[in-house]
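Visitor: Given these sequences and hints, build the entire structure.
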Amino acid sequence: MMKLEVYDPAMCCSTGVCGPEVDPALVRFAADLQWLAEQSVTVQRYNLSQEPQAFAANPAIVKEMEAGMDRLPIIVLDGRIVSTGVYLSRDQLARKLGLGSTEAAKPAGSCCSSKSGCCS
Amino acid sequence: MTLPVADTRYLFFTGKGGVGKTSLSCATGLALAEAGKKVLIVSTDPASNLDEVLGADLAAAPTPIPNAPGLFALNIDPEAAAHAYKERMVGPYRGVLPAAAIASMEEQFSGACTVEIAAFDEFAKLLGDPNATGDFDHVIFDTAPTGHTLRLLTLPSAWTDFIASSTGGASCLGPLAGLEKQKALYAATVAQLSNPSTTTVILVGRPERSALREAERTRKELVDLGVTNLRLALNGIFTALRPGDPVADAMTARGRNAQLDMPKALADLPRTATPFVPAGTVGLDALRALSSDRPTAPLPVAAANTAANMPGGLDPLIDQIAAAGHGVVMTLGKGGVGKTTIAAAIAVSLARGGHRVVLSTTDPAAHVAAAVEESVPGLTITRIDPEREVANYRDEVLAKAGKNLDAAGRAMLEEDLRSPCTEEIAVFRAFARTVEDGKDQFVVLDTAPTGHTILLLDAAESYHREVMRTQADMPEAVRKLLPRLRDPDFTKALIVTLPEATPVHEAERLQRDLARAGIEPFAWVVNQSLLASGTEDPLLVQRGQYEIPFIDRVFADLSPRTAVIPWRTAMDG
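First to last, the protein sequences are chains R and W.
Residue numbering for the first sequence follows my numbering, starting at 571 and increasing by one per position.
Residue numbering for the second sequence follows my numbering, starting at 2 and increasing by one per position.
Careful, some of the hints might be misleading.
[To be verified] Some but not every residue of chain R turned toward chain W, in silico, with C-beta under 7 Å:
#, residue
1, A580
2, S619
3, A626
Derived from the structure by calculation, the hints contain no laboratory data.
The C-beta atom is built at its ideal place from N, Cα and C for all residues, glycine as well.
Guide: What follows is the structure in structure tokens.
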């Protein structure tokens, strides 16, 4: 089973509620990770302000942060860094993971009610 | 004059800074101790002067109060508690993670929410654990948790794995994610608070219209949360000893009118009243006087006493502001200190000097603004309605972010949207739009974001710019805001305070918070000074004397420029 880890910058919330504008990219990314989890990918997300131990325990991540905080977010697939400084789109994530077409998976929010499970 | 009746084990005093929560807590505690009870007074107010009032060096454990057998007190600073928490979280990573990472982590633990939750954590240790205070007949708190904190902690979703889930949660609880372990303790605490046979919550207010409106808001919020054993304590009742002094007569009338116009639900609460105390309530004798039926006798004072360097009024400041020809003036301070009045006075004066001026006010009554609107050419008035700004922001967030959340997640998001931080952010957006107008005229605002909000938004902004490689969502006005606020030629920040202990403490904290965001105030305005009012009423003259050390301290230690404004009736909206 593939494991995808995301090292987020320090955020008090991952929806961007705390920012001057809600960030649709962050909301979209959260939904994309949910989708990946449904494709049997183990997804783990770390927020610098809440789970610093995960950053400190990974020398490759520390090295990236030393090069610049704008390297965050860092996306790691099975222990290997696959992207820095960007939240990949669903298509990009699917390609990195070698998953098939994402056509079958409609964007979250349109496919079902919040109660049916695929969006929750 | 009477103190609140203490027929429950726990008593909470709640109200804005400076209304007399600490004085009433101590007077009530002292009266109970003198009736033979064993009493613990707890302060969780970061601006607390409990040590001074009780004349004892307090710590985080119960300390006996000299000359008051049975009376104990302890002092917890929630900012210190929040700081300790931050150190526990961040400390181990100093030298391990890069300095920039440490700095960004630290800012996340510096917000109002972190302090609020840390304060609740301290309440919970005392309230939720019967053994913590088992020796005492009564436990008195000089502050109460906010409605936001209580609602947040009673949400089932706050305790699900939502916070820690892989999609990550929005939440004011986020910075204190470790507190999930406390679930049982917090539940017990919330249950205690709403149990009328064990807990009384006392709303403290001055006999002023704005203070009573605030008390009514708190009352409603608490009732909605199921906290029903409420009382009202009116503190600072003043009646002129002899009619004839204009200041004393105006103050008497203001108090009487405010009580007559009190919101009905508030007026229906069991009520007590305590007198205006001219010299502050420091020491046990002063506390006893609060429950005495004898009118407070003024002490003889040397008429020549005045502040070491009595600062003048606003005019010299306005001349310096006018010299720039354009820019932003903002008045900052806690509610009730008179930010709107000061902002209006500055705006009118600048406009009369021939400048184009926009006065932007959040004052819902805006009667000051209405009065000047027609008479001053060059002055335009715009209003920022905080409630509308918050509603717009909430709708926008729920539309964009809420649709991807399940019911529990959405409940959490909605509660976060009711946090004090959210209101700040929502008003901030209106604020940012208005600051933009200061390029070619004067803009005077009676509201401003805190340093924490500015830093968070700055971080969010650079994050957008550098990480998302897009500026699409970020209005130009927001991007330029921080550099403009930091530019002393463009922005003049005025801290408004009152010549009293708690408001000056609170203003100092505001100044420190702004300093973190790299903003230095242009001046301090000490408002509603009886010393400067010219009153000859003996009690009010004595009150004026009490103001001297605070005015001196602002002038000498805190402020680059100081103005002192005499007490005026028009202050009370």
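Visitor: Now look at each hint and say whether the structure bears it out.
Guide: We went through each hint and held it up to the structure:
1. A580: 4 Å, holds
2. S619: Status holds, d = 4 Å.
3. A626: 5 Å, holds
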